[in-house]
Amino acid sequence: MSETNKKEQTTTHKIGIYLWIWGLLFVLSFFSYMVDWYQFQGMLRWSLILIFMFLKAGLIMAFFMHLFWERYALVNVLLWPMTAIACFIFLMVAEFEYTLFSRLFYFFVGGVQ
Amino acid sequence: MSDELENKSGYQAQSSETVNEYSGSAVGDVDYVRPAEVSDQDLYHGHSFITKWVFCQDAKVIGVQYFLTAVFTGIVGLILSWLMRLQLGFPGLAGFMTAEHYYQFVTMHGMIMVVYFLTALFLGGFGNYLIPLMVGARDMVFPYVNMISFWMFFVAVAVLMASFFVPGGPTGSGWTLYPPQAILEGTPGSGAGILLMLISLSLFVIGFTMGGLNYLITVLQARTRGMTLMRMPLTVWGIFTATVLAMLAFPALLVSSIMMTLDKVLETSFFMPTIIKAGEVLGYGGGSPILFQHLFWFFGHPEVYIVALPAFGIVSDLISVHSRKNIFGYRMMVWAIVGIGALSFFVWAHHMYVSGMNPWFGFFFATTTLIIAVPTAMKVYNWILTLWRGNIRINTVMLWCLGFIVTFVNGGITGIFLGNVSVDVPLSDTYFVVAHFHMVMGIAPLMVIMGAVYHWFPLVAGRILDEGLGKWHFWITFLGAYSIYFPMHYLGFIGVPRRYFEMYDSPYMTSGVGLNEFISLAAFIVGAAQFILIYNIIKTLKTGKLAGKNPWQANSLEWQTSTVPPEHGNFGEKLPVVHRWPYDFSVPGAKDDFIPQTVPPSEVIDTEVEKT
Amino acid sequence: MSDPKIEGYQFKPGFRGMVDDTASDQTMFKGVHWGKAMMWIFLLSDTFVFSCFLISYMKGRGSTPVEWPNASEVFGLHVFGVDVPLLLIAIMTFVLITSSGTMALAVKYGYEKNRKMCGWLILATAIGGLTFVGMQAFEWSKLIHEGVRPWENPFGAAQFGSFFFMITGFHGTHVSIGVIFLFIYAYKTFAGHYDEEKRGWFTSMKGNYVEIEILGLYWHFVDLVWVFIFAFFYLW
Chain P
1 MSETNKKEQT
11 TTHKIGIYLW
21 IWGLLFVLSF
31 FSYMVDWYQF
41 QGMLRWSLIL
51 IFMFLKAGLI
61 MAFFMHLFWE
71 RYALVNVLLW
81 PMTAIACFIF
91 LMVAEFEYTL
101 FSRLFYFFVG
111 GVQ
Chain F
114 MSDELENKSG
124 YQAQSSETVN
134 EYSGSAVGDV
144 DYVRPAEVSD
154 QDLYHGHSFI
164 TKWVFCQDAK
174 VIGVQYFLTA
184 VFTGIVGLIL
194 SWLMRLQLGF
204 PGLAGFMTAE
214 HYYQFVTMHG
224 MIMVVYFLTA
234 LFLGGFGNYL
244 IPLMVGARDM
254 VFPYVNMISF
264 WMFFVAVAVL
274 MASFFVPGGP
284 TGSGWTLYPP
294 QAILEGTPGS
304 GAGILLMLIS
314 LSLFVIGFTM
324 GGLNYLITVL
334 QARTRGMTLM
344 RMPLTVWGIF
354 TATVLAMLAF
364 PALLVSSIMM
374 TLDKVLETSF
384 FMPTIIKAGE
394 VLGYGGGSPI
404 LFQHLFWFFG
414 HPEVYIVALP
424 AFGIVSDLIS
434 VHSRKNIFGY
444 RMMVWAIVGI
454 GALSFFVWAH
464 HMYVSGMNPW
474 FGFFFATTTL
484 IIAVPTAMKV
494 YNWILTLWRG
504 NIRINTVMLW
514 CLGFIVTFVN
524 GGITGIFLGN
534 VSVDVPLSDT
544 YFVVAHFHMV
554 MGIAPLMVIM
564 GAVYHWFPLV
574 AGRILDEGLG
584 KWHFWITFLG
594 AYSIYFPMHY
604 LGFIGVPRRY
614 FEMYDSPYMT
624 SGVGLNEFIS
634 LAAFIVGAAQ
644 FILIYNIIKT
654 LKTGKLAGKN
664 PWQANSLEWQ
674 TSTVPPEHGN
684 FGEKLPVVHR
694 WPYDFSVPGA
704 KDDFIPQTVP
714 PSEVIDTEVE
724 KT
Chain Z
726 MSDPKIEGYQ
736 FKPGFRGMVD
746 DTASDQTMFK
756 GVHWGKAMMW
766 IFLLSDTFVF
776 SCFLISYMKG
786 RGSTPVEWPN
796 ASEVFGLHVF
806 GVDVPLLLIA
816 IMTFVLITSS
826 GTMALAVKYG
836 YEKNRKMCGW
846 LILATAIGGL
856 TFVGMQAFEW
866 SKLIHEGVRP
876 WENPFGAAQF
886 GSFFFMITGF
896 HGTHVSIGVI
906 FLFIYAYKTF
916 AGHYDEEKRG
926 WFTSMKGNYV
936 EIEILGLYWH
946 FVDLVWVFIF
956 AFFYLW
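Protein chains in written order, with this note's numbering: chain P, 1 to 113; chain F, 114 to 725; chain Z, 726 to 961.
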């Protein structure tokens, strides 16, 4: 770490905010565990899992990793590349459906002889 | 005029009281530049031979180390291509050559040239040498990590070369390493060869990540005073964007390497379907070979631009300097580089039109692929418009640049053919594809590398390369490269498939046999011509003309160092302060035809400089 | 953290500020330490690694016609005569979030130059991480004992074991590397290396408390990845 910032003191946040987020994370983890405990199925399970997951991820990034307090220049640099991942996920969903379809199709119907 | 200049200096309204202790001039002055945000970089200076030249932390030495290692692997790749052409042009002439050998040479040639030669040369070599100099930094921001990065690359190359000497030889599965055949018996090098290849790639990714972090943070956080992003030379923009692509694309390669290693070693079935071999069911089952192709090309397509974008950037600078004219549409050029970089993550499956993926993907990927043609064409227009009515110096550097433009346009246009699904299907896996990608990402970036070597050699070594030899080198390479790849398009049209060891008496080869011999002869000559450069370098190092400072009258910071070649720390006592972009050539009213970036506005008050 | 003061530069909020920061000279991330910027970019790259792993997992799981094992049962634990689904995983999650919280506080106390408090919190984080790795080892050995292998398993699709061991193994490697660094940094904090800006062992560059935040970013990232693995692997 070869360069030193001219300004020595870095301002910190009150301890309360960390404890709050910490508590929230426990509560959310408990909720997502309950999704399994009560064996919700189908779309309900899916959406609950995803909601709790994104909430937890968001809290960790925003407060524990201080992204909430960072300047937009950094935040945007970090978040925009995720569109490539989103595109990858989206297309791979279409791809696995097609793979599954063709596996079942050729298994039951068979190919052209 | 002077009003404009005052507006340009920007910050006087906010802090008109403070006196700037760094440049010694008061705020409100046209020459005012904000003081430095961070204190001067702390550098580790080597004391012994080992810390100065071997485990060196100076980015310039690391750059040269990268360059030499990459050139060494490049020569291995060149020799492999000779052997391939020998077989294709004159089947059976080389007695030792079996089909297995041929596939191994194809594979190693491809992998070496794309990853270990071009990527390492552009990002590791030119990136390390030029980024700190061009943005006005003392060194890369993490010199120690940078040093480790090179040695990681060195080990990766050593592992790759070791695969030539293991039982079974190197892998022969094609540079794309498609499973299932890459790790199945029967493919040459399916034992130790493929394992070493996967390990070597993983090491390369790890090493490159270390280097890439350095390049990115140096560009983003360690620029000198006055150096805004829009005042950076396009070389830096090209290398920077390529590094961003590398940081985001190499993970896919790492992941696919790990998964394939597990398939090979632990017999997992990530990529391996149920396979019946000679009546016997293998232990694999249920995997998805197409997943590997998606992962590989999610890396592979950005990889094409990792090679191309630095070439775009460098050639823009060379053209501007040697035609004494500012680059046409600088901002457009920057946005085109960034746009191409961003789009390159959304086009990968155009390599997979015939792979059996979801057929609807063709629409999506053909569309995105053709959209990339727009920023690329903008760049070509801008290069030509930069040349237009410029004071062109037809020296070796300029010849290479012109050669690049022609080759690149040629390769780019065939790319439009291949980007359309319906046109691609009959052309898939023919020599048309080989000709296309060699033109566009083999020869074109190579032309830029050559131009860059002739351009920056005076900075690295302090002597100018011989122009006469350089011109011979250029013309043989340029005409020879066209003799090789132009007929290949035709071979592709008549349907000659790529990766075939020998065509035997195929009926459509009647007109192709002579062409194949001609191509091979041209390939031998072009390959041999590259040694002219090596001879030129050795000769110049001994007896070449001394370059002095700034032999090309360029503006960018690397030519403004206190000594030539620059010493460790680059700029002597004080870092330069930047007042303008690097393209103020032939400015009306100026005393010289160039205004270096460090010249303050007060010295060129009556000239019509661009506002940057 | 909050905006630092930079001579001659006026911070603007929001997107206007983003444009100004990007267009300014010297730095794009104003007041962000080089090492911290590096860690962020590295984490971005690492995010792509884990995304590729999870996308492969999705593709593999989605395209297999063989039935996928029920995670709730496979990872369940039999305690005191009751079958509790995902008990071990719940405890692991709890431990990792706890260690994430202590790390966040360590960063805070580091910046306040509270050497003792910072050191103890880092040590607590390291112990939390170690517990996590230990429990993961237990989980692996239990599954291996039940016959789950990377290449096959008794519950269903063979890819289940492959993806499970690969992804949790890769995550566990990250945790282990983090634990090693946490112990080193705990030592360096207690020894006062950051107060006196002692030079690093290898890099010979001066250290300071920013390094705690950099390590913290890495540690929170490991936690973040676990959130996704927990959701996609154990709950889905």
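In short, the hints are calculated from the structure, not lab data. Just so you know, these numbers come straight off a predicted model, no measurement behind them. Glycine included, every Cβ here is placed at the ideal spot set by N, Cα and C. There may be inaccurate statements among the hints.
Claimed, not checked - Coverage of chain F stretches by chain Z, computed from C-beta distances (three or more under 8 Å per stretch; other residues unrestricted):
| hint | stretch |
| --- | --- |
| 1 | 145-155 |
| 2 | 340-354 |
| 3 | 366-379 |
| 4 | 401-411 |
Structure-based check of all given hints:
Using a Cβ-Cβ cut-off of 8 Å, 7 residues of the stretch 145-155 of chain F lie near chain Z, which meets the minimum of three, so the contact claim holds. Counting residues of the stretch 340-354 of chain F whose CB lies closer than 8 Å to any CB of chain Z gives 5, which reaches the minimum of 3, so the coverage claim holds. Beta-carbon proximity to chain Z at under 8 Å applies to 7 residues in the stretch 366-379 of chain F; the threshold of 3 is reached and the given coverage holds. Given a C-beta distance limit of less than 8 Å, the hint that chain Z covers the stretch 401-411 of chain F holds, as 5 residues qualify and 3 suffice.
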